[in-house]
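Protein chains: 2
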Amino acid sequence: MRVVLILSGGLDSTTLLYELREQGHEVRALGINYGQRHRKELDKADDICSGLGVEYRIADLRALQTFMSGSSQTVAAIPVPEGHYAEETMKLTIVPNRNMLMLAVAGAWAISTKSDSVAYAAHAGDHTIYPDCREEFVQALDQALQLADWHSVKILRPFIKLTKADIVKLGFGLRVPFENTWSCYKGQEIHCGRCGTCVERIEAFMLAGVPDPTVYGS
Amino acid sequence: MRVVLILSGGLDSTTLLYELREQGHEVRALGINYGQRHRKELDKADDICSGLGVEYRIADLRALQTFMSGSSQTVAAIPVPEGHYAEETMKLTIVPNRNMLMLAVAGAWAISTKSDSVAYAAHAGDHTIYPDCREEFVQALDQALQLADWHSVKILRPFIKLTKADIVKLGFGLRVPFENTWSCYKGQEIHCGRCGTCVERIEAFMLAGVPDPTVYGS
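Protein sequences appear in the order of chains A and B.
When the letters of the first sequence are read in order and numbered with numbering that gives the first Met the number 0, they come out as residues 0 to 217.
When the letters of the second sequence are read in order and numbered with numbering that gives the first Met the number 0, they come out as residues 0 to 217.
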């Protein structure tokens, strides 16, 4: 199978990259620069792909920031919420219609390269919080993408039933270089250890019983 | 109703702009720069919106050209097909997944501005030729856009049952300044009068029995 993988440079999508290659698929990796604070993850993804000889391209969506007001990931003035994600603070970290935008771009590349599918690392922790992580949304968009061209492309979410801890376990078995993946929303020199994604990352390694190679701030 | 209208600067979408305003809706207009040869239409759209006091923004998708190979609208080396659109020559003028990309961006802006809908001027002449103009595609994407956020946005195609000649008749009644709209794919100083969209434009005015104010090349 030929796959366009949305690769954020985080541990979920990097593990999916290793998994898809392990299964023998031909993978192209797509990074999205939507002006996020943590663009560091894009460089991490680039390094990972270079090492594996995987084609990696960044879709630069920064020109669209004007249509995406109100998100703490793109608006520097709004502080990043710390600690566990709760429904209300999560609303601050949303880029409107982000998943449709990412999947539309990935779909365009998949059509151009006659790929069979677009894959991304949505997992069991995501889908109740963001509206565009809901099953019904993805089903409708999958339907649309299959009909968007004479060449039909499907949306795959191979990790949708896995928790983040399951993904850490899987990645550990696949020898994913977790130390080269990036989660922190703050995008500083090292992981802050306190924002929502850092807390999730720390917990996932603990629950998985896998040694966490990440260096966190105090 | 609050609407984000995809405005190409052509006669169809410009007529829809006038129609939506005539009906009393609050309209924002979105131009898409995907690196098309005929970017002239974007300037035309800008002029029209300035005159009406309508907010107009351009989404610059040129950075995505790398994912859209193979189209004569974006690749300068491929000649524009002339004469009537036939299935085979049409395939050359397709930007992969273009409608999903445009509607995803328009959807993001609509969500940010709490708009009720995204509208575009698809009409009865379009929908059998491009796969992403098919009814099933639009229904699936409409479903996805309604689910993409807590704030639900619908896709509207008010002209879907109208022919281009019907649109010319409607626009004539609404005093649309047709001389300021742009159709030609070649994007030269004046309309070439020979490419597929010029031929369609000429015919539409003839069938509508409306005087055509366009200046065409010989």
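Since the hints were derived computationally from the structure, they do not count as laboratory data.
Here the structure is a predicted model, which means the values were calculated and not measured.
Check each hint, because a few of them may be wrong.
[To be verified] Residues from chain A that face chain B, not an exhaustive set, calculated with beta carbons under 7 Å:
| no. | residue |
| --- | --- |
| 1 | Q64 |
| 2 | F66 |
| 3 | P95 |
| 4 | A103 |
| 5 | G106 |
| 6 | S111 |
| 7 | D131 |
| 8 | C132 |
| 9 | E135 |
| 10 | S151 |
| 11 | L155 |
| 12 | P212 |
| 13 | V214 |
| 14 | Y215 |
| 15 | G216 |
Glycine included, each C-beta is placed from N, C-alpha and C at the ideal position.
Structure-based check of all given hints:
1. Because the smallest distance between the Cβ of A/Q64 and any Cβ of chain B comes to about 10 Å, over 7 Å, the interface hint for this residue is violated.
2. A distance limit of 7 Å between C-beta atoms decides the matter here; for A/F66 the minimum to chain B is near 4 Å, and the interface restraint holds.
3. Evaluation of the A/P95 hint against chain B yields a held restraint, the C-beta minimum of about 4 Å falling below 7 Å.
4. With a cut of 7 Å, the hint placing A/A103 at the interface with chain B holds, because the nearest CB-to-CB distance is about 4 Å.
5. Taking 7 Å as the C-beta contact cut-off toward chain B, the hint placing A/G106 at the interface holds, the least distance being around 5 Å.
6. Taking 7 Å as the C-beta cut-off, the interface hint given for A/S111 holds, the closest approach to chain B being about 5 Å.
7. Satisfaction of the interface hint for A/D131 is found here, the shortest Cβ-Cβ separation to chain B being roughly 5 Å, below the 7 Å cut-off.
8. Taken as an interface hint, A/C132 does not check out: its beta carbon lies about 10 Å from the nearest beta carbon of chain B, beyond 7 Å.
9. Proximity of A/E135 to chain B holds as hinted, the smallest CB-CB distance being about 5 Å (cut-off 7 Å).
10. Annotation: interface hint on A/S151 violated; nearest CB of chain B at approximately 9 Å, more than 7 Å.
11. Checking A/L155 against chain B by beta carbon gives a least distance of about 16 Å; that is not within 7 Å, so the hint is violated.
12. About 34 Å separates the beta-carbon of A/P212 from the nearest beta-carbon of chain B, more than 7 Å, and the hint is not met.
13. Checking A/V214 against chain B by beta carbon gives a least distance of about 33 Å; that is not within 7 Å, so the hint is violated.
14. The closest approach between the C-beta of A/Y215 and any C-beta of chain B is roughly 33 Å, which is over the 7 Å cut-off, so the hint fails.
15. Annotation: A/G216 was flagged as interfacial toward chain B, and the flag is violated, the nearest CB pair being 33 Å apart, outside 7 Å.
Consistency with the previously given hints fails for numbers 1, 8, 10, 11, 12, 13, 14 and 15, ordered from lowest to highest.
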